[in-house]
Every structure is written in C-alpha cells, then in structure tokens.
Amino acid sequence: MPTDTKRVRGPEVSQSPSLFLPDGRQRDQVDVRPVFVRCGLVSQAKGSAYIEAGNTKLMCCVYGPKETERKDETDMKCGRLTTDMRFAPFSCPERGSWIQGSQDKDFSLMLQESLQPAVCLHKYPRSQIEVNVMVLENSGSVLAHAVTCASLALADAGIEMYDLVLGCSIRQDGASYVVDPTYTEQNSCSSVSSENQGGLTVAFLPSLNQISGLQSDGEMTEETLTAGVRTCIEGCYKLYPVVQQALTKAVRRAALPPPES
Amino acid sequence: MATVQVSEAEKVYILHGIRDDLRVDGRGCEDYRHMEIETDVVSNTDGSAKITLGHTAVLVGIKAEIGKPRPMVPDEGYLEFFVDCSANATPEFEGRGGEELGTELSNTLYKVFNNKRSVDLKSLCISEGEHCWVLYVDVLLLQCDGNLYDAISIAIKAALFNTKIPRVQISADDEGGKEIELSDDPYDCMRLNVENVPCIVTLCKVGHRHVVDATLQEKACSVASLIISVTHKGTVTCTRKVGGGSLDPESIFEMTEAGKRVGKALHTPLMKLLQEEESRGA
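Residue numbers (my numbering), protein chains in the order written: chain A, 4 to 264; chain B, 778 to 1059.
Everything labelled a hint here was simulated from the structure, so no lab data went into it.
Check the hints yourself; a few may be wrong.
[Unchecked claim] List time: in silico BS3-like cross-link candidates among lysine-lysine, alpha-carbon distance up to 27 angstroms:
1) 108/A to 845/B
2) 840/B to 108/A
3) 788/B to 126/A
My request is simple: use the sequences and hints to build the entire structure.
Laid out in structure tokens, this is it:
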C-alpha cells in the first residue's frame, strides 16, 4: 500500500486526553510534581528548609535543642520534639485566621508523630527541639511536603537522626488515583458514587524501610488502601535523591571557607 | 492520656504472653474485653448511649439543632463532634489538660465520618440552602482504661441509632415566605440509618504481633498503634498511625487486614444488641 510521505502521520498509538492532568502529569502513575528543596535560608534558626512542589510552598525552621520550657514535662532520659504547623492566612483560596485552628493542630500532631521515630531523642535528654512549619501557599499535599521539609530542616540543624522522613500523598478517585494531588484535585470528587473515594498520606523512612506516619480518610477497600500505601512508598523514593542532593549541597556550602574578597 | 508505669519484668511477661497468643487477662490477640452498651440514658438529648469496655466508660449525647447548611453542600446537614475529657477520668485532665487529647479524638472522628455513606446527610436537610439539622455529637470520657477510640466509635454508633429527630414540615405562607412547622405528635420522629456507620478498631503493635483492645499495661509495651475505622461491609473509612514509633510496611498491611476482619465481625452483634434493646423499650 503506498503511503503518503508528504503528510505528517499521527502516532500509531494514542491515549485519551482525559488521562492527562492539566499540568501534564499522568493519572495512575507515580508521577510526583517537580520539587525544589533548599536548606539553610533562615540564618537565626539552627536549621531551616524550604520546599516547593508545584505551587505548594512551605518553609520550616528548627530551633534547639534547648532547655524545656515547661519544667513539669522535663524528661531526664529523653528529649522532646515539639511541632507547630501553621497556615499563612493567604495560603488557601479562602482567607484563614492567624489563630491556630483545630485543623492546624491536627496537622501539627501528625507531623510530630511522623518525625519522632526518626529523631534520636535519647541523645538529647532534658531538652526540647522545636520544629515550626509555615505553609506559604497551599496547593495540595501539604502534610506530605511538611514532613519532608521538616526532616530536611532537622538534618540541616545537625540533630542526630536515624533516617530522613519523606512524605507522599495520593488521592483515590474511583478506580484511578493521582499521586501528589493539587488543591483542586484533593477537594474534588467525581459525582459518580463509587466505592473508592479518599485521600492517603504516608510518611516513610527510606533506608530503614519503615512507615512513621499513615493517615487516610474517605472510603476505600482494604485492597485499595494497601495498593495506595505501596504507591506512596514508591513516590517517596522518587523524592529521595532530590532531598539528598539538597542536603549535600547545604553541607558543602557550610564546610566551604568564607570566600576572600 | 492516662498512663501506667510498667517495669521491665512486667513488659517481658506481657510481650512473651502476646507472642504465644495469650494475654495477661486471658484473652486472645483479637478479642475484646467485656462490653456493656446502654442506650437512651440521658433524657434531655435526642439520642444517647453509654458504653463500658473493661474499665473504660464513655457517655455520648447527641443533640439535633436547626442550622444553616454549608455553602458547598446546600442540600446536606452535618455532624459536629466534641470530645470532653472530664477530670473525673484522671486528674491529668484537670483544667486544660484534656484539651489536647480531646481535639485529637474529635479530629479523628471528623475524618472517620468524612465520606458520603456513613450517615445519610441528605436526610438531614430541611430546606435546601436555608435550613438543615446539625447533629452535635458530644462525647464525655468518664473513665480511661485504654482503647478510647474503639469505645467512642461504638458509643457514637449506638447513640446515632438511638437518635430521634423531630419531623418538621415546611409550609409557604401568603407572602411566599417559608415557615417551619414542628409536628404536634412527640413520637413523630425521623430515625437515622446507622447501617453504614463505621466502628474504629485500634491495633496495638506489641513485639512482633498486634493486639486488639489493648489495656493500659499493654499500651505501655507498644510503641505504635494503628487505628482503622471499618464499616459493616469491610470498607475502610479512616486509618491513622498513633504513637511515637514507626511500623514496617508489611506489618501495616497485616494490621489493616486484621482490623478489617475484627471490625466487620463487630457490627453484626452490635446491631443485633441495639435492635433488641430498642424492642425491649417499646
């Protein structure tokens, strides 16, 4: 059969455009948004980190180890890790208030529970380590990125840790899922009443192969949940090299002698 | 939370027992303690229930009030959760001491009910965009002896089953305005369908195994637990890792599976019991 070589032929295999998300990422694949991470931006803090994933922007500062503020909670054997996560009033589509709401408190607690297994708290008796996370722009998957950012800041502060903690979220929507969902993806749900509809966030210690944080809501079957956790772990591994690189860069910068002018 | 001090020898004893599927109080790893449920205990509420699980005692009261629906979902009512940790349970809860635990528990409850099927929120709508029923679910902890999550969720399910919402009718007056009319018959009530209300199962990782319904002693031996809320069909509506430790992915999968199995088995006797109690009262 003679072929028309003058004309540009279409590809032999094609996919429906609905498979692609607006920002070009694909559904049902472990496709995290491009991340930018950097350590050491706040000079006053012991350690600090900034993370940007798509439009989600967070920064985290670590202060301490220092003496515990509340004397009655001083632990002679073990240090305390306190976390505080806040949303800037302009971070969400709707304006929030500066006062910490119950959602922020919940996030702070999740963050604390996700980070604590990774920090060698027994090396810091009678002291407390403060982790402050500020969400500058909320474009979905805030908790997951907060975990990554906070562990990076802890490492930057020179706090002894067993491992880094990486976070990853997925949004299950019927049979398909989105890894690292954006704000609209996170809060949208197709009107079709399907069984699996929910969100899942996992905090993972990559070199120890341990899950330090797990949180899900919505409706999911057990199989979907298990598959979701596996997907999140895979997503965390994708972040790992980026985070490692940012850390080595920060260490190198700190080790370098001040440039002579 | 109320905690107990456990010595190293006690820990070893508990750990070895659990390894051999025999716990200190003689239960197996997936057994609950003795549970007592009582509904319709507070007459001023629209629905109430009291549960005792071992020494843990929880009282739940539900009050229905007319409110304005949320702008995003104008055709649905909503639930509000509040957990109060009474200083009766433990002196630690005095003043603001119980606040942290209270918000943690209520935030988890919001997540557990954050899906379309647990409670039929559309049935709580009175007139779209204007009026709806708001169910205030108030949880009071009377005594803490471990496993608060499970006890609270079962008590809420029982209280929701017991809830009677007065029937209202909307009539339009001459000027086109709407008026809400309450039925004259106090027994003319709407009941909620609680079939899909999930129950929480807390699995405590102790040693290499996990136990259901851990006592305070067992909790002191574990570093992390997983809470899973399961519906009668086995659908998982919420999971969360609590505690300061981490878990192996494989053990998380095992625990989810066990949680689903235990949770599913919990619903049938619970519904039977509630229906029995209902028929006895009538």
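Hint check:
With a CA separation close to 26 angstroms, the supplied pair residue 108/A and residue 845/B stays within the 27 angstroms bound. Distance hint between residue 840/B and residue 108/A is fulfilled; the C-alpha atoms sit about 26 angstroms from each other, no more than 27 angstroms. For the given pair, residue 788/B sits about 23 angstroms from residue 126/A by alpha-carbon distance, which is consistent with the 27 angstroms threshold.
Checked against the numbered hints given earlier, the structure satisfies every one of them.
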